[in-house]
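Chemist: With chain A fixed as given, assemble chain B onto it according to the hints.
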Amino acid sequence: MQVELRGIAKRFPGVIANHDVDLTIRAGAVHALIGENGAGKSTLMKILYGVQGADDGTIVVDGRERHFSSPTDAIEAGIGMVFQHFMLADNLTVLENIVLGAEKMHGIGEKARGRVREISAEFGFDIDPDVRVAELGVAARQRVEILKVLYRGARLIILDEPTAVLVPQEVEVLFANLRELVASGCSVLFISHKLDEVLQIADDITVMRRGTTVGTADPATATRQQLAELMVGAELPSPELSADTVTDTPVLSLRSISLVDDTGRTLLADLDLTIHRGEIVGIAGVEGNGQTELVEVIMGMRRATEGSIVLAEEDITRLSVRKVRERGVGFIPEDRHRHGVVLDFSLWENRILGHQTTAPAVRGPLLSPGGARRDAERIIDAYDVRTPSVHTTARALSGGNQQKFIVGREMSGDPILLLASHPTRGVDVGAQAAIWDHIRRARQEGLGVLLISADLDELIGLSDRLEVILRGHFTAQLDPREVTAQELGTAMTGGAA
Amino acid sequence: MSQLVRRVTQMVTYSIVPTLVAIAAALLATAAIVWISGAPVGGFLEAMLSVPGQRDLVIIVNQASMIALSAFAAAICFRMNIFNIGVEGQYIIGACAGAFFAGSGIVPGPLNILATLVVAMLAGMAWAMIAAVLNVTRGVSEVISAIMLNYVALTLAGYLVKTYGSKSGYTFTTGTIPPSSQPLGFGIFSGAPDVWALSILAVIVAVGYSFLLGWTRFGFDLRTAGESRTAALANGINPKKMVLITMAISGAIAGLVWMPSFFGSTHTFGIPEYFQRGLGFTGLAVALLGRNTSLGIFFGATLFAFLSTQSNRLQSVGVGRDVVEITQGVVVLMVVIAFEISRRVKARREQESVARELGATSEGVRA
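Sequences listed follow chains A and B, in order. Take the first sequence: its letters are residues 1 to 497, numbered as in my numbering. Take the second sequence: its letters are residues 1 to 367, numbered as in my numbering.
Simulated from the structure, these hints should not be mistaken for laboratory data. Each hint should be verified, as a subset may be incorrect.
Unchecked claim - DSS-like mimics (lysine-lysine), calculated; alpha carbons at most 27 Å apart, straight line:
| hint | chain 1 | residue 1 | chain 2 | residue 2 |
| --- | --- | --- | --- | --- |
| 1 | A | 323 | B | 240 |
| 2 | A | 46 | A | 111 |
| 3 | A | 46 | A | 194 |
| 4 | B | 241 | A | 323 |
What the hints assert, rightly or not - For each label pair, taking beta carbons as the anchor points, the in silico distance ranges come out as:
| hint | chain 1 | residue 1 | chain 2 | residue 2 | range |
| --- | --- | --- | --- | --- | --- |
| 5 | B | 188 | A | 318 | 58 to 64 Å |
| 6 | B | 340 | A | 63 | 31 to 37 Å |
| 7 | B | 320 | A | 344 | 40 to 46 Å |
| 8 | A | 7 | B | 348 | 46 to 52 Å |
| 9 | A | 248 | B | 118 | 56 to 62 Å |
| 10 | A | 344 | B | 216 | 17 to 23 Å |
| 11 | B | 83 | A | 63 | 52 to 58 Å |
| 12 | B | 216 | A | 308 | 30 to 36 Å |
| 13 | B | 318 | A | 85 | 54 to 60 Å |
| 14 | A | 250 | B | 141 | 46 to 52 Å |
| 15 | A | 344 | B | 318 | 47 to 53 Å |
| 16 | A | 134 | B | 277 | 41 to 47 Å |
Said to hold, decoys possible - Computed from the model, here is a short list of chain B residues facing chain A with C-beta under 7 Å:
| hint | residue |
| --- | --- |
| 17 | 217 |
| 18 | 231 |
| 19 | 236 |
| 20 | 266 |
| 21 | 354 |
Note that CB positions come from ideal geometry on N, CA and C, so glycine has one too.
So here's chain A without its partners, still in its complex pose (with noise of 0.2 Å):
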């Protein structure tokens, strides 16, 4: 079955989730799809899944244009999709998860559990249809959930990152059945940021950046550093760093941190790192290599199990997170909706947030809401946040609006060090130089800077330094100002180019 998207777009008030996307899924291939978070995948997946319109372009089926209003129009079309986060019931055996919903095909009886068998024999599957589901493996859930979607009759798979939960084994496993997939026609679209595994599987790659499709690569030729610039893209306005303004002066300095987590895995490895007054640190990594963790380390909202941090030579290793931040430390979250941000609070509340012991949110234990409000006010003008006012609240506000309140609040009351995790992600292309020129100009009074980005571009323009960091580990100190986005990327993913 041959899937075309042609020019998809869709709007959130204030954010362009998708835009001019075009995207062609052969019959009988495997269809990657690649991109950063926040690039656009998800919301596209639910275009063609029918869980949420289009508000422009087409989705062609086979040669015919077809719109979903709800999944079950998908269904309908032969599109089936497997999520991330499985939907399955333990209580109920492999069976009755599979016919819940699709009783009218063939029943939930013998013919059923025939044509269950039959399709687990076809592809390999190896499911017993009376097992419960609780005794199943994550590996075999997942089959649990393909076989659901193919009884349906699905000619295209979608798959959500579904190695993210598999041991390297089981991804072979995976694999195979894939392969059985396709040989008989059906698609798979693939998704994924797995560099290794992509080009392992595609028969085609499609990359998104920005909520839009920004290339395509042959995975015969396409080398991971080449799939890893498209992702993370060249094209934007390069940020660049004015005079050296690094002092000898340490603000921040980290001595053998380690983090084992209660499964005894270790997420971070003996790291060592100093940040002096004037100097940008920027950290890169593939995500989920403890850049979080690192993160979460420094302000206290986990403890180290070994090592010390020093914040202006005090050890602060065991303070709370207030008493983190009240000695100074900004903190731009990675996820501004679970962290940076109460969203039903105004924006004026939204001052208070992470500064609930300092002027001129507070006077001593009470809230002072006209310091707030007027404090609100100037980070609106400074930073250029569009916003009818300091009442409204922050869910009406756009991302990148969003984003720069939650700057602007970082940067009052003059801190001495600042965390910036993904500081521009989501953010539109105006609002990042905005953003960009903030760090820089605070950096010339003497601010530290710890920058964590999946954007190499901002991280080697930014960056008085860079750090490597791969499976916990410090793995290469690179100079930003010799470093290209290759090579970068070659540290990042740890071989050789």
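Modeler: For chain B alone, coordinates are given in the frame of chain A:
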């Protein structure tokens, strides 16, 4: 000035109008049920909408004060996004402890009142802490443990009174408050009993509640943790600590719930004759009805007290008085629906106004 106008307009559009619609709908729904059951609808509406006499007014005020106290206990937890369904048990324990203490006369004269209130608050708080600690340390849902603790509280109070109280008639009671510790009420009407002195507690708690939530750093932390635990954690608020403190405050307020009645008329404690059960659950409904705001809670408490007092007249027109519980239930349901609708309308209007602010520049995003 313009801000005042803005707030008043917002309140009328998003609070008062939906509430009035909800009440009207609830009365109509109840009338429909009365009609279906074959009872006189005209009589029902006339009885419910008649003007209460002086005596009834006093009862309404007295009852409203206790319902409001219970609602504040529930509301502070709602703001923190925890469901303290245990207000019922906490106020039983508070009432029992307070009554034993007051009746013992350890502290003489009017000071006894103050000391009793403290004892009742501490007892309610201690009871609430059981559910809170279980929640924080072992992850036990506060709803489940608190519901069960409600029954434990009832049984425990009964046991204590039977063991340490004295027999009066068919029931056991605690000692009576010494006359020197019985406060005078507020005599508003010459022909009716006084309004209970300690109904003033509802006003004091209301002021404290508004101040705490709206004006203090602690209140901000509480509301933040209620809205988003993750945001709280990232911004220096320990959600577990907030659960403990909030439940403690809630339990303390719950401990006060029955005090107006105790000092105002009962003067002794004994289940079932010398106690009023069910205020904890009424409080939960009223907190929902009042959207967890002081004014809303006062309004809701008065409405509920009004409805149950008026229902006494229903018997004389041949309608069961329990039918009023349908009205109360439907009011809560309708208010929840009406406010959800008005919230969505508000959110949409806000987004539209932001979109206008962005104006032509929004197209620039595509560049």
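Chemist: Which numbered conditions among the earlier hints are violated in the structure presented, ordered from lowest to highest?
Modeler: 2, 6, 8 and 20
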